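Peer 1: Same order as they appear, the protein sequences are chains A and B. To convert, note that position 167 of the first sequence is 168 in this note's numbering; the numbers rise steadily by one, no gaps. To convert, note that position 39 of the second sequence is 620 in this note's numbering; the numbers rise steadily by one, no gaps.
The hints are simulated quantities; they were obtained by calculation from the structure and are not laboratory data. If you're wondering where the values come from, they're calculated on a predicted model, not measured in any experiment. Backbone N, C-alpha and C define an ideal beta-carbon position, used for all residues, glycine too. Treat the hints loosely; a few may be bogus.
Quick list of simulated restraints, FRET-style, between CB atoms [claimed, not checked]:
1) A:344 with B:642: 30 to 38 Å
2) A:344 with B:681: 28 to 36 Å
3) A:358 with B:728: 49 to 57 Å
4) A:414 with B:984: 28 to 36 Å
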Amino acid sequence: MSTSQTDSAWTDLVWTDLMGRAHVARARTELAEHGISIRRADAAAGYDGPADETGRVLAVPDWSSCRRSPWQDDVQVVLADLRESDGSASDLCSRSVLRRVLVSLATEGYQARAAAELEFFLLDTATGGPLYADINQYSITKGAELEPLVATMCDHLATLDVPVEATNPEYAGGQLEVNVEYCEALAAADRAVLVRYTARRVARDHGLDATFLAKPWTDNAGSGMHVHQSLWREGRNVMHEAGALSELGRSYVAGLLAHMRGLALLGSHTPNAYHRRADYSFAPTIVCWGADNRTLAVRAITGSASATRVEQRDAAADCNVYLAFAGQFAAGHRGVTSTSVPPEPVTGNAYERRDLPPLPLTFPEALEEFDRSALAADVLGGLLSYWRQVMERERQVLITSCSDWERARYLAAV
Amino acid sequence: MNEAIAIGPAPVGMLAEVPGAGRWLAAAAAEGTIQTVRVSFADRLGQWRGKRVPVEHFLRREPYAMAFCDGMIVCDVQCDVIEQTPFTNYTTGYPDMHVQVDAGRVRRVGWHSGEAYVFGSPANVHGEPLAVAPVNVLRQVVDRAARLGVSLSGRANLCGAFLDGPDTPTPAGAEAATALANELLRGLVATGLPAGSVAGLSEPGAFELGLGPAAPMELAESLVVAKGAAKELARSRGSHAVFMTRRPGAAQPALLEIEATVTGARGVDPDRLAAMLRHARPLLFPSINAIRAEPPKVCTSSAAHGGHVVSCWASSEADAATALAVLVAGVGALVESVSSPGAELEPGPAVNDLAAAARLRESHWLSSWLGSDFIENSIALLEHEARIFREAVTDWEIARYWSAS
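Modelling step: build the complete structure from the supplied sequences, incorporating the hints.
Peer 2: Pasting the structure below:
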């Protein structure tokens, strides 16, 4: 059950750092009630390790997210918010950033629903490469071969109240996709965090590794996180109207597009993530939308009332899920409140549309766009300065690094 | 594995008429004996594709439809999308295709415990059957033949091999291959498929699986499943099941023999039918490797009780639904030409080169029966295969010419 506390003796509190990585702190359940103290340096950690921070924050259980652990009978798993000692939301809490955006929608009567579609690679621990080389998208026989791992993952996720809709080998050797049922947006983000955590852990239990890195190899497809999103009011999908996207849905799309460049960093926060954005890669490169079309940044999927939604396709699988969701729902909300009108939907091959604005194609470009975005600052609130600090560090490391690619290409040739 | 065989429902017969299979699945889910449903379709080359769906989700969502990227029904043998395919490409944006399935057609996987599968017919967003999906083409061809009074029940002999790697037989040789082949047969029977026999062939690791009799739709689906099952079983034992037509060390090509009992087709001239099948050869031998295979005969025809027995050959790697559709279309077109004496039936030239696949357009009967969309997209796929082969430098060329030239 995800609605109440279980009677487990132990509680695993799952909290995420600035980069969206899940951490687990275990406590006796009666103590977990009050939160577990963690170092601010860890909560604010970037890719260099602990941040230059002192003091502590509390990882406080959100009991509405409580579920049983698939690994141990006497353990329950709870998603945690980061709070200051006075009980206020910590500026370091990404989950609270998303909650604020959703509350803002709720005050106008909207419930946001979402599902994150995640891709990842299984790795051979001996070679560090993908578990297998050949592309096997939707292959039933390859899926059967991976069944011991995938079935365990699905079972564990079911115990974690993460209902898996389907799994399949994806469009690169060693790559899998997991589809999870849609639900209220905060719970959907929690589910995505748990999918990543569980996939890694199950892979290790099977003698493998799993990575959600956006673009692990130059010649292979990257791993994305497609966010399916809809707004509901009084149990009705208000993005649907007569089998099509409603006016409100179109305004929502307009908001997504208007802020896509400025918020790109929230879905793709490493320099590596921008290698995904290549023409003919099935990752978007242009700010555009349209009906069902996999070359677009936003795909409108229409049909029944319950199934009508929009899918934003630019985020990377290794993003901070809470921040990516927050950015997208905030942008959509802006579109709705201003009754924006989207540009003409794009038909055909969007990779050929040089007349339309491109998405940021490099990390520095995304950072510049982010800095210009008022909405980005609004969304992040107190988290902005921490986030900006880590992103600046990534930029500096990027511009001062020398990669193996550069050495291979230039060292002997110049 | 044995447990799965023992508890399988084994309803051999028409796929569309499995009674109470939906209820059976719900009961199996409740008992915990089925955890996963493979929601499936077969691609243009007869590869078994789909997604693995937890059974609880499948039952909750029944009637069940699942969306897939439509590029995967016309991808090449390496799963690459082909930009020249008219049906879908970057200009169409590779939208969703929808596979609607009927829980009444779910079958327990007899060679793998805890799993069931179901095939659906690929359709577009409006529910219209995709003209490029072989299963839809076969259904349309069978229906048209039926309107002419022609019906067909088929048997199939499928050759394959269990190998340790691409070039070598299993180390344990015939014994290991026989064990795998027997396990394959048991698994298919436990699944409820019309599998009747399996026999070892003289080449190490090679086997021939006998399926049928069955209606064309069931036979086609059974062949897709049989190849998938062979691959799964082999991989689970650390080896490979291959259906490549001309493999190193094998004296005979691996073929799919279809023996069909046809009723309502008086006057079918086997020579004319053979000429028609020679014209459709790229559809029956759809790879660079397969097209160079020499089957013993193109087809034979003989009188039998209540009808004709027509046998034809395709490569083992060919899509079975396509092969069956070509055969039924050939018979149907001949019957049609007999009943409409004014109608010209030009079989078309024999086509023995994938690069010449465009010649498939030259026969009216093929486009008329299989559909011009299917033919055009097949041509794109076959020409793509020919093109990448033309650009490749092979080990054979290196060995033959590198130091000699």
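Peer 1: With reference to the structure, classify each hint as holding or not holding.
Peer 2: Comparing the hints with the structure gives:
Range check, residue 344 of chain A to residue 642 of chain B: Cβ separation about 35 Å, and the 30 to 38 Å hint holds. At about 34 Å, the CB distance of residue 344 of chain A to residue 681 of chain B agrees with the hint of 28 to 36 Å. The given range of 49 to 57 Å is respected by residue 358 of chain A and residue 728 of chain B, whose C-beta atoms sit roughly 55 Å from each other. In this structure, residue 414 of chain A and residue 984 of chain B meet the distance hint of 28 to 36 Å, their C-beta atoms being roughly 31 Å apart.
Comparing the model with each numbered hint stated earlier shows that all of them hold.
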